[in-house]
Amino acid sequence: MIGVTVHRQKAPAVPVYQRVAEASVQSLSAAGAYPLLIPLGLSNAELEEIAGRLDGILFSGGGDVQPQRYGSQAHPLVQNVDEDRNRLEIFLINLAVRERIPFFGICRGLQVINVALGGSLYEDLAEQRPETLRHDYDVAYPRDYLAHPVNIQPESRLAGIMGLPAIEVNSLHHQGIRSLAPSLTASAWAPDGLVEAVELHDHPFGLAVQWHPECLQEHGLMRQLFRTFTAAAGGSR
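Every letter in the sequence shown is one number past the one before it in my numbering, and letter 26, counting from 1, is 26.
These are calculated hints, taken from the structure and not from any lab test. Among the hints, a few may not be true.
[Said to hold, decoys possible] Derived DEER-like restraints, expressed as beta-carbon distance ranges:
(1) GLN79 - LEU133: 14 to 22 Å
(2) GLN26 - GLU155: 30 to 38 Å
(3) MET1 - VAL139: 32 to 40 Å
(4) GLU49 - ASP136: 33 to 41 Å
(5) ASP192 - VAL139: 37 to 45 Å
(6) GLY32 - GLU218: 16 to 24 Å
Glycine included, every Cβ here is placed at the ideal spot set by N, Cα and C.
Assemble the whole structure, with the sequences as input and the hints as a guide.
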């Protein structure tokens, strides 16, 4: 059973929803896992109890991490911050590291994993790293649009999964890793040098990617990411 973190969606005059992209649930299910959504608002004790019953945790995409969480200042381009989600995910990440629970991060998932373990982020790539490629293909483009290649570190876990030195990925983010957490190793980069994947060594499965593989399930390599995660978690049916 794989726990999946959710985001809180608010809009005027409608109920507040806690949601996750259906593609994430479908990708896990297709890989043989039982996905279980982890709601926001739980206490640390409740999270520990739930985590003890999980085979793995998927840290899903969503809004930005509060800059104060990585020692920075408020920024006008930071958006959709949910401090309740930040607290929950940072607690779960540290729990997963300590208890050796397999975990996989997608987009925001990569970013919050890096922050939880002591790294920092660019609040907005276009403003703070102007030499960078465009990475925010989230408006007027389909979510499976292949925006750029990533180069994969040989001998990394990701290289073992993909079996290729480079792959094409989608790109739906405006933030990215500024400084890498000490315990993480970068295993893929965009052509502009931005980190696109990180790994935690000496752990059953600790991997995160900046792209959205759940939106690329017609590509066999992306399905393999979910299959490998599910197999490592031992959460397959």
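Results for each hint:
no.: 1; hint: GLN79 - LEU133: 14 to 22 Å; verdict: holds (20 Å)
no.: 2; hint: GLN26 - GLU155: 30 to 38 Å; verdict: holds (31 Å)
no.: 3; hint: MET1 - VAL139: 32 to 40 Å; verdict: holds (35 Å)
no.: 4; hint: GLU49 - ASP136: 33 to 41 Å; verdict: holds (38 Å)
no.: 5; hint: ASP192 - VAL139: 37 to 45 Å; verdict: violated (20 Å)
no.: 6; hint: GLY32 - GLU218: 16 to 24 Å; verdict: holds (19 Å)
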